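2 protein chains.
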Amino acid sequence: MRLGILGSGLMGGKLGTLWAKAGHEVTFSYARSQSKLDRLAREAGAKAGTVAKAVEGADAVLLAVHWSRISDVLEQAGELDGKIVLNCCVPLDEQNRDLVVGVTTSGAEELARLRPRARWVSAFNTSPSEAFFDVFAGRDREPRPQLLYYGDDNGAKRAAAGLIEDIGYEPLDVGPLRTGRFAEPFAMVTAELAYSQPGGAKLTYRFSRFR
Amino acid sequence: MRLGILGSGLMGGKLGTLWAKAGHEVTFSYARSQSKLDRLAREAGAKAGTVAKAVEGADAVLLAVHWSRISDVLEQAGELDGKIVLNCCVPLDEQNRDLVVGVTTSGAEELARLRPRARWVSAFNTSPSEAFFDVFAGRDREPRPQLLYYGDDNGAKRAAAGLIEDIGYEPLDVGPLRTGRFAEPFAMVTAELAYSQPGGAKLTYRFSRFR
Numbered sequence: 001m002r003l004g005i006l007g008s009g010l011m012g013g014k015l016g017t018l019w020a021k022a023g024h025e026v027t028f029s030y031a032r033s034q035s036k037l038d039r040l041a042r043e044a045g046a047k048a049g050t051v052a053k054a055v056e057g058a059d060a061v062l063l064a065v066h067w068s069r070i071s072d073v074l075e076q077a078g079e080l081d082g083k084i085v086l087n088c089c090v091p092l093d094e095q096n097r098d099l100v101v102g103v104t105t106s107g108a109e110e111l112a113r114l115r116p117r118a119r120w121v122s123a124f125n126t127s128p129s130e131a132f133f134d135v136f137a138g139r140d141r142e143p144r145p146q147l148l149y150y151g152d153d154n155g156a157k158r159a160a161a162g163l164i165e166d167i168g169y170e171p172l173d174v175g176p177l178r179t180g181r182f183a184e185p186f187a188m189v190t191a192e193l194a195y196s197q198p199g200g201a202k203l204t205y206r207f208s209r210f211r
Numbered sequence: 001m002r003l004g005i006l007g008s009g010l011m012g013g014k015l016g017t018l019w020a021k022a023g024h025e026v027t028f029s030y031a032r033s034q035s036k037l038d039r040l041a042r043e044a045g046a047k048a049g050t051v052a053k054a055v056e057g058a059d060a061v062l063l064a065v066h067w068s069r070i071s072d073v074l075e076q077a078g079e080l081d082g083k084i085v086l087n088c089c090v091p092l093d094e095q096n097r098d099l100v101v102g103v104t105t106s107g108a109e110e111l112a113r114l115r116p117r118a119r120w121v122s123a124f125n126t127s128p129s130e131a132f133f134d135v136f137a138g139r140d141r142e143p144r145p146q147l148l149y150y151g152d153d154n155g156a157k158r159a160a161a162g163l164i165e166d167i168g169y170e171p172l173d174v175g176p177l178r179t180g181r182f183a184e185p186f187a188m189v190t191a192e193l194a195y196s197q198p199g200g201a202k203l204t205y206r207f208s209r210f211r
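Quick mapping for you: the protein sequence lines, in order, are chains A and B.
My numbering applies: residue 1 is where the first sequence begins, and numbers increase by one.
My numbering applies: residue 1 is where the second sequence begins, and numbers increase by one.
Because the hints were derived from the structure by calculation, they are not lab data.
Treat the hints with care, since some could be wrong.
Pairs count within a copy or across copies, as identical chains cannot be separated in the list.
Restricting the straight-line Cα-Cα distance to at most 25 Å, the calculated cross-link-like pairs of lysine to aspartate or glutamate (DMTMM-like) are [to be verified]:
| no. | residue 1 | residue 2 |
| --- | --- | --- |
| 1 | Lys202 | Glu170 |
| 2 | Lys83 | Glu130 |
| 3 | Lys202 | Glu142 |
| 4 | Lys83 | Asp140 |
| 5 | Lys202 | Asp173 |
| 6 | Lys202 | Glu130 |
Remember, predicted model here, so these are calculated numbers, not experimental data.
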């Protein structure tokens, strides 16, 4: 395919390079400097150009800029009528800490406001209950499925981690209670996979890392 | 531990049963009927009681009710001062379709509003770019890491799935563009794990299912 990369930073630079390796015809655009763009293109065996050039004639374009650059790059990209646009942008604030669109709080934080002296930990919300008995039955087999938990009270989190292990999961700390604004929607992703996509509801997950 | 289950439905019923199996002293409360509560307790070798009874003397309580029942159960639970509260409630609407707290839209949907005639697909946002080259290098080894994608245009989604496979991921369809309101926060979970928790940024994930 002919692919236009709009935003040739960490995401776009790597994806465009790999797509070029995979045999696609790639045009990089929109980096911090022209020299970076040229180097990317040279090393990948691809082209470098303006946003308009990258869009023109492309079968698909990748939108991969910081959210603060969206209006600028879309203006340069034009109307995009009928174009396949692959978007990897998340609406991040300048500090890359919060979503500036759509997400403002969480159930976890609201509950802590209702009972501020309780020691809140959130867990189990990112797993369909359908999986629990199978997880428990397989609790001695590695690698175990993981389960996210988060909270502001370290002692309560240690207790929660033990209770998570009792069910058979490997507890996975994802930080403070405010992570709820991200983990609760993730619970909705697991629900979508479990209940609306093929495969069944006994869903688990594991994160892995390359060394 | 002495554990009080507030909300003995799908989640609470199963977790309490497994915790009882694991040797904890469990009290079930708050089910649709007293007979269900009694049966759960009998089958698990646990107790059944009122919410107040389940809270009283518990080392930790599990809050596992539908969001619409939160104020009722909290009122029965009292102040919970100093209690460890494990929360698995997500602020779901009555249809279990949307989050009624904190989440209203997504970057994906806003972009589609800005360019309504483009064929939008979201992808790659739930992976740190640090992992891409390793995923590509390992693309012939099964099981491959997965990558979520979502959109409203099936042809564009097929093209996106191909481009995701080219990088080395197994594409995982999570439905329409509005899934962005859940998947973008999930991107923040992956960022928290990659950049704020131990283990490094070359993070991938896979969902699995029990049969």
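Results of checking the hints against the structure:
1. Lys202 - Glu170: both (17 Å within a copy, 19 Å between copies)
2. Lys83 - Glu130: neither (40 Å within a copy, 28 Å between copies)
3. Lys202 - Glu142: both (18 Å within a copy, 21 Å between copies)
4. Lys83 - Asp140: The answer is neither: 50 Å in one copy and 30 Å across copies each exceed 25 Å.
5. Lys202 - Asp173: Both, since 22 Å and 17 Å are each at most 25 Å.
6. Lys202 - Glu130: within (5 Å within a copy, 30 Å between copies)
When held up to the earlier numbered hints, the structure conflicts with 2, 4 and fits the remainder.
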